[in-house]
Amino acid sequence: MDNLDAVDTQTFQSLMREVGRDYMPEILEVYCTDVKEQLQFAQKALLDGDNVEFTRRVHTIKSTSLSFGALAYGALARDLEGLGREGKLDQARLKFPPLLQACDSLRGRLKELCNA
Amino acid sequence: MRETRNSRLLVVEDDQVNRIILKRYLEKEGHQVTLAANGKEALELLAKQVFEMVLLDIEMPVMNGFQVLEKMTTDPVLREVPVVVISGVEELNSVVRCIQMGAEDYLTKPVNRILLKARMDASLEKKRLRDKQTTLLRKLEREMNIARHTQMSILPDHLPQQGDYSFGALIKPAMTVGGDFYDAIPMGQNRWGLVLGDVSDKGLPAALFMTMTYSLIRVMATRNLDPGQALREVNHYLMEMNNDNMFVTVVCGLLDCANHVFHYARAGHPQPLWISVEGEARQLEPHPSQALGLFPQPIIDEGQVAVSPGSLMVLYSDGLSEATNAQGRQMGRSGLEERLRQTRGQTPQQICSDYWHQVRAFIGDSEQQDDFTVLAFRREQ
Numbered sequence: 064m065d066n067l068d069a070v071d072t073q074t075f076q077s078l079m080r081e082v083g084r085d086y087m088p089e090i091l092e093v094y095c096t097d098v099k100e101q102l103q104f105a106q107k108a109l110l111d112g113d114n115v116e117f118t119r120r121v122h123t124i125k126s127t128s129l130s131f132g133a134l135a136y137g138a139l140a141r142d143l144e145g146l147g148r149e150g151k152l153d154q155a156r157l158k159f160p161p162l163l164q165a166c167d168s169l170r171g172r173l174k175e176l177c178n179a
Numbered sequence: 002m003r004e005t006r007n008s009r010l011l012v013v014e015d016d017q018v019n020r021i022i023l024k025r026y027l028e029k030e031g032h033q034v035t036l037a038a039n040g041k042e043a044l045e046l047l048a049k050q051v052f053e054m055v056l057l058d059i060e061m062p063v064m065n066g067f068q069v070l071e072k073m074t075t076d077p078v079l080r081e082v083p084v085v086v087i088s089g090v091e092e093l094n095s096v097v098r099c100i101q102m103g104a105e106d107y108l109t110k111p112v113n114r115i116l117l118k119a120r121m122d123a124s125l126e127k128k129r130l131r132d133k134q135t136t137l138l139r140k141l142e143r144e145m146n147i148a149r150h151t152q153m154s155i156l157p158d159h160l161p162q163q164g165d166y167s168f169g170a171l172i173k174p175a176m177t178v179g180g181d182f183y184d185a186i187p188m189g190q191n192r193w194g195l196v197l198g199d200v201s202d203k204g205l206p207a208a209l210f211m212t213m214t215y216s217l218i219r220v221m222a223t224r225n226l227d228p229g230q231a232l233r234e235v236n237h238y239l240m241e242m243n244n245d246n247m248f249v250t251v252v253c254g255l256l257d258c259a260n261h262v263f264h265y266a267r268a269g270h271p272q273p274l275w276i277s278v279e280g281e282a283r284q285l286e287p288h289p290s291q292a293l294g295l296f297p298q299p300i301i302d303e304g305q306v307a308v309s310p311g312s313l314m315v316l317y318s319d320g321l322s323e324a325t326n327a328q329g330r331q332m333g334r335s336g337l338e339e340r341l342r343q344t345r346g347q348t349p350q351q352i353c354s355d356y357w358h359q360v361r362a363f364i365g366d367s368e369q370q371d372d373f374t375v376l377a378f379r380r381e382q
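The listed protein sequences derive, respectively, from chains A and B.
Here the first sequence stands for residues 64 to 179, where the numbers follow the working numbering.
Here the second sequence stands for residues 2 to 382, where the numbers follow the working numbering.
Hints were generated in silico from the structure; no laboratory data involved.
Every residue gets a Cβ at the ideal spot worked out from N, C-alpha and C, and that includes glycine.
Any given hint could turn out to be false.
Claimed, not checked - Non-contacting residues of chain A with respect to chain B, defined by C-beta distances greater than 10 Å in every case (computed):
1) 69
2) 81
3) 107
Said to hold, decoys possible - In silico lysine to aspartate or glutamate, EDC-like type, Cα no more than 16 Å apart, as pairs:
4) 29(B) <-> 111(A)
5) 24(B) <-> 111(A)
6) 174(A) <-> 92(A)
7) 29(B) <-> 92(A)
8) 118(B) <-> 81(A)
9) 24(B) <-> 89(A)
10) 151(A) <-> 111(A)
11) 127(B) <-> 71(B)
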C-alpha cells in the first residue's frame with residue numbers, strides 16, 4: 064500500500080519527452096479520469112461476481128499505469144487480473160481495496176511530476 | 002531501410018489512454034492516424050477507408066484482436082494490410098497465435114516509441130515492396146497475355162481446303178506463351194507447305210525464338226526451295242542471330258495434293274505418325290537429324306512418300322509423346338500409334354482434339370510440362 068503511488072521517474076520522463084511536455088497534462092487527465100472509472104466498474108464487477116468484467120477492467124488499469132511508470136500500481140493490477148482470469152474473486156476482493164485507495168495519491172504524484 | 006512517413010494507419014485499442022499515446026507517437030512520425038476502440042469499429046473503418054497498416058490490441062470488448070485478424074485474413078483486400086499486434090508482456094501465447102493467423106509483427110505494452118517506429122518502418126517497407134511486386138506481376142501478366150494473343154494471331158487462321166484432303170491442328174502452350182508453332186503455307190495450286198516446330202525451353206525466350214523461326218520459314222517458302230534446303234537456309238540465319246544457344250526442332254513438308262506425294266524434311270524432330278486406311282502403322286525411313294540453331298551444317302533427314310487413299314499423317318511435338326504423369330511415366334510413341342488406329346475414322350481435327358484429351362487424362366492433376374502441338378492430314382480418297 065505504501066509504495067503503490069510510487070512512480071518510476073525515468074519511464075514517466077520518457078513518456079513526457081515522447082508525447083511532448085505540452086501534451087502531457089491532457090493525457091494525464093485522461094488517465095486519471097479513466098482509472099477512476101475503471102476502478103468503479105471493477106468494484107461493481109467484484110460485487111456482482113463477474114470475473115470477466117473484473118479482469119477486463121483491471122487489465123486496462125494495468126496497461127495504462129505501466130505506461131506512466133506507475134509500476135507498483137500496475138503490478139498490483141496485473142496480480143488482480145491474474146486472479147480474475149482464474150476466477151478467484153474471493154482473493155481479488157481482499158487485494159483490490161489498496162488499488163482503490165492509492166488512486167488519489169498516485170494521481171497527486173503524477174501531477175507533481177508533470178509540473179516539475 | 003527507408004523511413005516511412007505519411008502513411009494512413011489504424012490504431013485499434015480499447016484503452017483510451019494508450020490510444021491517445023499511440024496516436025501522439027505516430028502523428029509525431031508524420032503518419033495520419035485513425036482510432037478505433039474495438040474490433041467492430043475497426044472492421045467498419047477498414048470497410049470504408051484504405052489503411053496501410055493496422056496496430057491491433059488483442060484484448061478488447063465487443064470484438065477482440067483475434068476476431069479482427071480472422072476477418073482480415075479471409076478478405077482478399079484486407080489480408081494485404083499488415084497488422085502489428087500490441088499486447089501485454091504476459092500475453093505472448095496470444096501473440097504467437099496472432100502471428101500464426103497472419104499478423105506481421107508485435108509490440109508489448111507500454112509501447113516504446115523507438116521500437117514502435119522501427120517495427121512500423123520495417124512493416125511498411127515490406128508492404129511497399131509487396132505492393133510494388135504485385136503491380137509488376139500484374140503488368141507482366143497483362144503483357145504476357147498480349148504476347149499470347151500476338152503469338153496465336155500469327156498461326157494460320159484456317160487450314161487448307163483441298164478437295165481430296167482434310168486437315169486438323171491444335172496447339173496448347175504449357176505457359177502463357179510457348180515455343181511450339183505450326184503453319185500451313187499455300188505453295189501454288191494443290192501444294193501446301195506444312196510445318197511444325199518446337200523451340201527449346203518455354204515461356205517468353207522460346208516464344209521470341211519461335212517467332213523468329215516462324216518468320217524465316219515463311220520467307221523461305223516464298224523462294225520455292227525444297228523442304229530440306231529451306232531448313233538449311235533457316236538454320237543459316239538462326240546461327241547468325243542466336244547468341245543464347247537456343248535451338249528448334251522442325252518437321253516440314255511439301256504436300257502435293259495433285260500427285261499425292263509428301264516431300265518432307267526433319268531437323269531433330271520426332272517422326273510423324275503415319276497410318277494406312279487399314280490401320281497399319283507406317284514409318285518414314287529412320288535417319289538421324291539435328292535441330293536448327295546449333296550447327297553450321299546440321300544433318301537434315303529428307304525423304305518423299307506417296308500418300309495412299311485413306312492414309313493419315315500426324316505431325317506432333319514432344320508435348321504429346323513426352324507428356325508425363327505424376328508417376329513420371331511418359332505417353333510414348335507406341336501408345337500414340339495405337340490410339341490413332343482407334344480414332345482413324347474421325348476427322349483430323351477430331352483426332353487432334355482427342356490427343357489433347359488423352360494428354361489431359363494421362364497427366365491428371367500434374368502440370369502440363371511442355372507445349373502441345375499436333376497437325377494432321379488425311380487423303381480422303
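| residue 69(A) remote from chain B - nearest C-beta pair above 10 Å | Given a closest Cβ separation of 16 Å, the condition holds.
| Are the Cα atoms of residue 29(B) and residue 111(A) separated by 16 Å or less? | 43 Å, violated
| task | Below or equal to 16 Å on CA atoms is what counts here, so check residue 24(B) against residue 89(A). | result | 13 Å, holds
| query | Under the criterion that the straight-line Cα-Cα distance not exceed 16 Å, is the pair residue 174(A), residue 92(A) satisfied? | reply | 9 Å, holds
| Interface exclusion of residue 81(A) relative to chain B, criterion Cβ beyond 10 Å | 4 Å, violated
| message | Hinted pair, alpha-carbon criterion (16 Å max): residue 29(B), residue 92(A). Please report holds or violated. | response | Cα-Cα ~21 Å, so violated.
| field | Holds or violated: residue 24(B) to residue 111(A), with C-alpha atoms at most 16 Å apart | value | 35 Å, violated
| query | When you check the alpha-carbon spacing of residue 118(B) and residue 81(A), does it fall within 16 Å? | reply | 12 Å, holds
| request: Please work out if residue 151(A) and residue 111(A) have their alpha carbons no farther apart than 16 Å. | output: Given that 16 Å is the threshold and the Cα spacing comes to 13 Å, the pair holds.
| Does the no-contact call for residue 107(A) survive, Cβ to all of chain B over 10 Å? | 15 Å, holds
| field | 16 Å limit on alpha-carbon distance, applied to hinted pair residue 127(B) and residue 71(B) | value | 21 Å, violated
In summary, the numbered hints that this structure violates are 2, 4, 5, 7, 11.
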